[in-house]
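Protein sequences, first through last, are from chains A and B.
So the first sequence is residues 8 to 750, counted in this note's numbering.
So the second sequence is residues 8 to 750, counted in this note's numbering.
Incorrect hints may appear among the rest.
It does not matter which identical chain is meant; a pair holds if it fits inside one copy or across any two.
As the list claims (entries may be wrong) - The calculated DSS-like cross-link candidates involving lysine-lysine, where the alpha carbons are at most 27 Å apart (straight line), are: (1) K409 - K370; (2) K413 - K381; (3) K176 - K99; (4) K370 - K280; (5) K201 - K31; (6) K413 - K369; (7) K726 - K409.
I should point out that these hints are in silico values taken from the structure, not numbers from a laboratory.
2 protein chains.
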Amino acid sequence: VVKRDVVRVITPGTLTDDILLDEKEDNFLCAPYLGPKGAALCWVDISTGHFYAQQLDEDAIVDEILRLSPSECLVPEKREQLFGDDYAKLAKQLSEISSIVITHRPGWYFDPYSAEKSLLKHFGTNTLEGFGVDGDSDVIPPAGALLEYLSETQKTSLAHIRSIKLINKRSFLHIDQTSLRSLEILRTMRSEDKKGSLFDSIDQTLTGMGARMLRGWVCMPLRQVDRITERHTAVQELCDFSQKLDDIRSQLKNTADLERIVSRISTFRASPKDFVLLADTLRKIPAMKLLLSESVSGLLKNLAQGCDTMEELADLLEAAIEPECPSHFRDGGVIRTGFNAELDELRGISKDGRSWLAAYQKKQIELTGIQNLKLGFNKVFGYYLEISRSMADQVPGDYVRKQTLKNAERYITQELKEYEDKVLSAHERSLELELSIFDQLRSRAAGYASRLQVLAQCVGCIDCIASLAHLALRRGYIRPEMCGEKVLEIKEGKHPVVAQSLGNEFVSNDLELGGESADVMIITGPNMSGKSTYIRQSALLVLMAQMGSFIPAESARIGVVDRIFTRVGASDELARGQSTFMVEMTETANIINNATDRSLVVLDEVGRGTSTYDGLSLAWAITEHIANNIGCRTLFATHYHELTELAQLLDNVKNCNVAVREWMDEVVFLHKIVPGGTDKSYGIHVARLAGLPASITARSREILDDLESTFVKEASGEKLARNKTAQQPQQQLFVEQNRSVLE
Amino acid sequence: VVKRDVVRVITPGTLTDDILLDEKEDNFLCAPYLGPKGAALCWVDISTGHFYAQQLDEDAIVDEILRLSPSECLVPEKREQLFGDDYAKLAKQLSEISSIVITHRPGWYFDPYSAEKSLLKHFGTNTLEGFGVDGDSDVIPPAGALLEYLSETQKTSLAHIRSIKLINKRSFLHIDQTSLRSLEILRTMRSEDKKGSLFDSIDQTLTGMGARMLRGWVCMPLRQVDRITERHTAVQELCDFSQKLDDIRSQLKNTADLERIVSRISTFRASPKDFVLLADTLRKIPAMKLLLSESVSGLLKNLAQGCDTMEELADLLEAAIEPECPSHFRDGGVIRTGFNAELDELRGISKDGRSWLAAYQKKQIELTGIQNLKLGFNKVFGYYLEISRSMADQVPGDYVRKQTLKNAERYITQELKEYEDKVLSAHERSLELELSIFDQLRSRAAGYASRLQVLAQCVGCIDCIASLAHLALRRGYIRPEMCGEKVLEIKEGKHPVVAQSLGNEFVSNDLELGGESADVMIITGPNMSGKSTYIRQSALLVLMAQMGSFIPAESARIGVVDRIFTRVGASDELARGQSTFMVEMTETANIINNATDRSLVVLDEVGRGTSTYDGLSLAWAITEHIANNIGCRTLFATHYHELTELAQLLDNVKNCNVAVREWMDEVVFLHKIVPGGTDKSYGIHVARLAGLPASITARSREILDDLESTFVKEASGEKLARNKTAQQPQQQLFVEQNRSVLE
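Starting from the given sequences, assemble the full structure and let the hints guide the process.
Okay, structure coming up:
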């Protein structure tokens, strides 16, 4: 019954079948390009038709690929001098640090001339400038290679890939791979689990389109105040009208994944079920449009306008497809009765035939008296009568024996065969007709592909905004005030994930950086006291605000950030054979070399991987450089309590610490960040509690006093204070002022 | 066919079936006792009959239970004031840190009076003093509780538990649970995997008994020089006669697990297969005895004597049991033809009966002409003739219809029933007879239980010695010289596990502690350079030597050690909710309070979990205390390079460091431990290589110079040098002498 003999090559990056795909994640196929002038990266999700391109620095390619986490990556084959070592190195890096499948294809896939030709042909345009792509752009070779590979593997129309979208990094808050991991945005660090990540915690979307879009928002938050405000205003409006929000969300429930259905329609792989779902979903759009139509927010108004109801398509599909249709064509029954007169007639014959057969069997049993006479069907000789062997001598003369089994004989009769022809051909012709009608429907639906894709984006965006509003209402999040100044003020902020799992036990904390306050904050405090949670939380709140979300806090004023940098405890990252300290320093150098005054920098224990004074000297010099030369908002959690002296020497540095109390011979962490350096005698105090003899703790205290007092002298001395910016000592030196209260 | 209606309660700690047990591990059931005078611990493995008792301090109980890693732990139920909070706390601790099943039993199980009575009754003695157990010993209550619980669950003889062995801790090198974990003796630290552990790496045993005994040797190495030497001499002799070693090992191959077979025989659970294996194994003993009989080593001579061949038992079993016997009794066939005349006769009848039945079926088909007549059997009415329903009118008159099915009728005849009685009863009687013969054999074999247990111990010990010899030959290990002095000298030592996986790449290292040299060694060097491997290796080599093994080195002189203490990098041990630093200090306090001058102490990065000066002060005071007050052999790997100054101040401290070279802009670790403190500018050097701007590294160096020179002044100053023992400065102060060569 199968008409076409299309052979499809299935690869990890070119899947379109729902059962093989994660509904909430894009399934990207990507291609990097290392050209003579610059580098570029293109990626496509054939299951949704999204096609992206981006020009970027060569050394940002790995980061970007890891962020996209594609299933498959296309690189040119090595061929003598061409496409050589650079690609080999890239492929090796990728294969070492991720589970991406690397696919090699001939170099000409990446040839700029043939790539441009195939792109122009695919999009049916004379130039790519309409997509913002110049004729000599570096994105052309990889984009062309992707198209070539898709047509090689798919051997079918790729009509749903209708445009190429150029990503401009400057519009987005940049989060590098290290930060993506250490802030646990998509997966947790230790178990690489989705559960427990930021995305998992805040995702309240109800559709696949919405989930994938929200995932994109989390990975690429915005950088322009007006665009962020546009989202916040939309979220705000849905929060204010919570009945409307609930109504919208109940429409979104059970909405089909339009993008993926369009993709299957365009590649001739849509199933009858897809059409039923598509029609059902289209029927929900008018209600959604109505709900949004009276909005005040510009974004919501636009979304209302984007609700393209396509009633004629819905009408057509509903009239044509049986609502309870089978998922396979094998037995027909897909096209609705009444849609096509010829089909209805053929089905009549086929159906009558069956009752005729039942009657015929009954008649033969009566005629022969053989009770166990049965009517059967097989592919070799069609319908037959089966009689147990022991009765074989009792069959009438007009039975023709066709087959002898162990215990039975099979016969045909003239009458049976004549009817069979009529019935079978009617059934077969009805199936063929159904298929042809279905194909026509597919073609008709394919004509709507571009409108459906726009609608899918619109529904996805509604889902995202509604998800954020739902989240904000459910958890009591507040709308952050966004501005362009270098400021970061959060009152009673909470870690969005940890606060959720701890509930009321979680201790909220304030943060003030930039603006009136210093840019650099040194945070000291014992292990396990919450330093790391606090600095991660600060970065996550900025990220959430810039993606358009409300945030867990009492109030917040956030000046947009261009990049988030993190250098966070490399617990087990013996990655790529480098020593942990080498990794630590490489990441730090990346921050120092790339941070601007608008970046947000989060440092956790920098300098720990080497010896004491070495690490302290580096941490000191790095902090001086950030405070005096870069001036970006920075949170630095450290065990080097000596760094707190910097607040005395530099205007742009201030100290905070985590409050600790002794209670019934135990140390209790209050998880509250308070101004000032921390009490230094905590370690010796714990040692005493742990049972170290008093002689040793007393001796430790003696040594500590000596070291501290020397360091204090040192810190105000000529050399350490050389880069001093504070004009007058604001207060007494820290150590003297904060004599231990514990010991 | 089952005669006995014994009901057995299966619990994790009382398994005897091979398929449920790990061949290489004991399966202990244990019971702690917290008495008014002291504490005790008893444990038993019912699958081997081993029964141990130990008196110990209350706070050592958890450690000891964790070392034994039993499957189940028996504690008394809480009952008002009795058996209350202490046990509840213990049970809670155990359940938190391990997967032991806690079983609660009434308090009277632990009652000293009834416990003693049941022990005396079980062993059939008037006093327990023969086992070294006094009448008021604290081991009696838990030992009695175990016996009570076993008889409650097993409901069968426990005759194979023939003695209680009192463990005297003083005879063994004590390894606490922390060291067991951090030295990866039984499992790796990160993945808790057996693969990659010391035991896995050195175990070359061929029998379950040997594997379990070697595991015991690894966990409890010896402490007396003569007993260690006894094992070394035996290993040496087998190494010297490698043909003999191979012969012994080929005898050991396919040796059955005697201990577990004895246990099943005594508890009436032995299978026919067990007897076949037992006989086969006994047949190997004479050859083993012969191979060992001309040994020089005292231990080997003793083992030769222990080879009890028990030929009469082997003869009996071979004569009685069919070699290819089925594993179940269901269909008989276990007892060999010729062993019992009555059995042979009954089997004859049963066998003839079957051919009679076949003949009868054939005859009936001929008689009736019904081709599909079949002879069948069911439980309700025995043998029957089945005929398809359509032929029912053709059956002879003497057929009696017994059952009507959908398509068939079932009949019996007089003749059929008469023969049936004869055949069936013969078959049934033969099965009954087989079972009774088998039971007699079991009883006969049970009479050998105690001799078999002694033999099992002997075979296990042969296996261990042969395993160690095989290991020594295969890997080129050498025999360490053992002595009673406080000395530890190893030339070209290797880490037994890491060296094995790295092969030639592994760099061997010397060690000299105690004796002529200082007791305390401070080891400095960058991350990943091999410090941790080196200090762990030193502990493992001592442990291996004291368990009786040869070691990977060129030569070694080892003064026996009473305890091994480790305090090793708590990477992820957020155990029991304590902060990592609290764990670190608790473990350190344990060392300081319990180490003697004969202990071996391994410290890795103590003081890291707190702020810089805090940690340095503690590490300084701890090192002073160990060097001046305890004087035990100590390896201390640290990032506090400042501690190297201690070698100038204290006689009993020396410095080593890990050699590092710069090569083509990369840092290469030579993994070689060399005398002297390490070069301090390594961190800043790496920072430069990692791409930190020159302005920052230059500033770091300036700060570092300042800190260092201040510290040098400080270290020779009044306070830090207060506990100085070195009479005259042996050389210039370290920092000045070792000015960086890298930067």
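Cross-check of the supplied hints:
1. K409 - K370: Within one copy, since 20 Å is at most 27 Å while 35 Å is not.
2. K413 - K381: both (16 Å within a copy, 16 Å between copies)
3. K176 - K99: within (26 Å within a copy, 55 Å between copies)
4. K370 - K280: Neither: 41 Å inside a chain and 64 Å across chains, both beyond 27 Å.
5. K201 - K31: For K201 and K31, the Cα distance is within 27 Å only inside one copy (11 Å; across copies 38 Å).
6. K413 - K369: both (24 Å within a copy, 20 Å between copies)
7. K726 - K409: This pair counts as neither: shortest intra-copy Cα distance 108 Å, inter-copy 112 Å.
Figure legend: structure checked against the earlier numbered hints; hints not met, in rising order: 4 and 7.
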